[in-house]
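A.B. asks: Below, each chain spelled out in residue letters.
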Amino acid sequence: MAREQRIKVTVNGQGHDKVVPVRLSLADFIREHLHLTGTHLGCEHGVCGACTVSMNGRSVRACLTLAVQADGAEIVTIEGLRQADGTRHPLQQAFHENFALQCGYCTPGMLITALELLRDNPNPSEQEVREALSGNLCRCTGYQAIVDAVMDAARRMQPAAT
Amino acid sequence: MRRLWARGKAARAAVRVARRGVQFGAGGKIEVATPVKPAWFDYYAPRSVDEALRILDDAGRDGRVLAGGQSLMPMLNLRVVSPAALVDINRIEALDRLHVGSDGLIVGALVRHADILRNAALREGWPLLAEATSLVAHPAIRNRGTVCGSLAHNDPAAEHPSVLVTLDGTVVVAGRGGRREVPAETFFTGMLSTALEPGEMVVEVRYPRPPAGTGTAFVEFARRLGDFAIAGAAAMLTVRDGVCERARLTIVGMGEGPFRARAAELALTGRRLARNGHEDAFAEAVAKVVEAVNPSNDVHASAAYRRHLAGVMARRALDAALARAGGV
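From first to last, the protein sequence lines are chains A and B. Under my numbering, think of the first position of the first sequence as 1, with each following residue one higher. Under my numbering, think of the first position of the second sequence as 1, with each following residue one higher.
In case anyone wonders, no lab produced these hints; they're calculated from the structure. A virtual CB, placed ideally from N, CA and C, is assigned to each residue, including glycine. Be aware that one or more of the hints could be misleading.
[Stated by the list, open to error] Pairwise CB distance ranges, derived in the manner of DEER restraints: (1) A:E74 to B:G101: 31 to 37 angstroms; (2) A:R88 to B:H308: 48 to 54 angstroms; (3) B:D280 to A:R130: 35 to 41 angstroms; (4) A:H35 to B:S82: 28 to 34 angstroms; (5) B:G178 to A:G72: 29 to 35 angstroms; (6) A:C103 to B:D168: 46 to 52 angstroms; (7) B:A39 to A:G72: 22 to 28 angstroms; (8) B:E93 to A:R6: 18 to 24 angstroms.
Start from the sequences, fold in the hints, and give me the full structure.
C.D. replies: Quick look at the structure:
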């Protein structure tokens with residue numbers, strides 16, 4: 001049986017047609033084959049959340065997804081958050097201004113997770129933010145600034161009052 | 001799975017080797033390859049249950065079903081398991097089925113934890129299932145992980161097996177010889193073990209609708225939100241005219257899988273719970289739980305602490321279930 005398989009996958013709006021080993025993880029595919037190294041690998045068994053990406057609109061652990069499973073899927077990684085003109089996403093801007101990162105290793109996973117939260121729940125309480133981020137480990141900040149940044153981003157992303 | 005990572009030097013050594021990305025190529029030459037973690041497997045993505053069953057039957061003991069992958073993928077990455085054939089059922093549309101009926105609930109093998117939480121009719125009819133599901137891991141895990149996968153894995157600290165036992169659910173298992181319905185209590189056979197035979201897979205799980213006057217509660221104790229519970233409890237009380245008509249109590253995290261506290265259930269059945277009558281009945285039930293459970297020591301908690309927690313969780317679950325039962 002073939003140990004490689006052809007997949008077609010859209011990453012940050014761009015289509016890719018690649019042949020990959022069947023045992024390759026989506027995380028390694030994104031990093032090693034597409035050279036999008038913003039997606040970070042921490043524990044590689046689903047605990048730390050650093051590799052979280054969006055697949056068909058839902059956050060998933062890229063280390064627990066095979067690249068072949070993403071055949072036909074739409075993926076968004078941290079590189080896809082910034083707008084075409086280089087402007088930061090409101091979440092990125094809020095992280096920047098609230099000092100919500102130190103080493104930055106957990107940040108891509110935090111942002112993708114927060115993105116899904118704010119889409120499903122544009123006006124979360126602090127407790128809801130903490131619950132949503134509970135699967136993303138940060139060893140630097142103690143989380144307070146990250147929670148502040150997500151709350152700040154929620155305010156920034158509210159539709160302007162009419 | 002989040003606990004299996006700590007198991008075994010061999011698994012960790014395998015991960016270290018895999019992480020270095022070093023492989024032996026043809027002729028024993030060492031070549032640096034793209035980092036991969038699992039051992040090689042044949043990958044199948046069947047479009048129908050029949051096709052999946054054919055592949056599983058051929059593979060026998062060397063086949064594994066990949067559903068949400070939130071337990072199996074870590075085990076593959078750590079090389080705790082290395083099946084020859086990986087049967088990915090994610091492209092079988094028939095398994096997406098989530099049916100909320102007047103008398104029962106049917107959850108197909110591809111229904112994710114997040115699907116359970118998003119369904120309002122399900123939350124209303126089976127609040128125990130919804131409450132327990134909200135405690136399963138974290139959002140990204142709930143987006144992929146499946147109810148049936150959690151049942152088939154039967155981690156002793158997982159929520160779903162205890163919910164199924166408490167609600168008297170049935171697992172529908174398919175093999176090449178046909179389908180069979182396995183009651184919850186005979187499905188779970190021990191730590192990480194079930195009645196599934198090689199070549200078989202779970203296609204759906206069924207939960208009967210709890211009778212009127214029933215209150216349920218699921219509680220658990222974990223060090224961090226979303227971690228596997230050190231201990232937990234699922235309670236279901238059916239109360240009529242202030243009397244406990246039927247009681248179910250299942251304890252989570254005691255080592256072998258869901259632990260049904262039958263002695264405690266007997267102590268509760270027929271008791272008057274109204275007008276603070278529940279105080280004595282619940283104290284008695286908790287004593288029976290603490291006496292009956294047989295937890296072991298591990299890195300997360302001592303046996304004595306687990307036993308203590310089993311009683312505390314049982315009491316909290318019973319209190320909450322009674323408050324929700326009404327009729328008292």
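A.B. asks: Give a verdict on every hint.
C.D. replies: Each hint tested on the structure:
no.	hint	verdict
1	A:E74 to B:G101: 31 to 37 angstroms	holds, 33 angstroms
2	A:R88 to B:H308: 48 to 54 angstroms	holds, 50 angstroms
3	B:D280 to A:R130: 35 to 41 angstroms	holds, 39 angstroms
4	A:H35 to B:S82: 28 to 34 angstroms	holds, 29 angstroms
5	B:G178 to A:G72: 29 to 35 angstroms	holds, 32 angstroms
6	A:C103 to B:D168: 46 to 52 angstroms	holds, 50 angstroms
7	B:A39 to A:G72: 22 to 28 angstroms	holds, 26 angstroms
8	B:E93 to A:R6: 18 to 24 angstroms	holds, 22 angstroms
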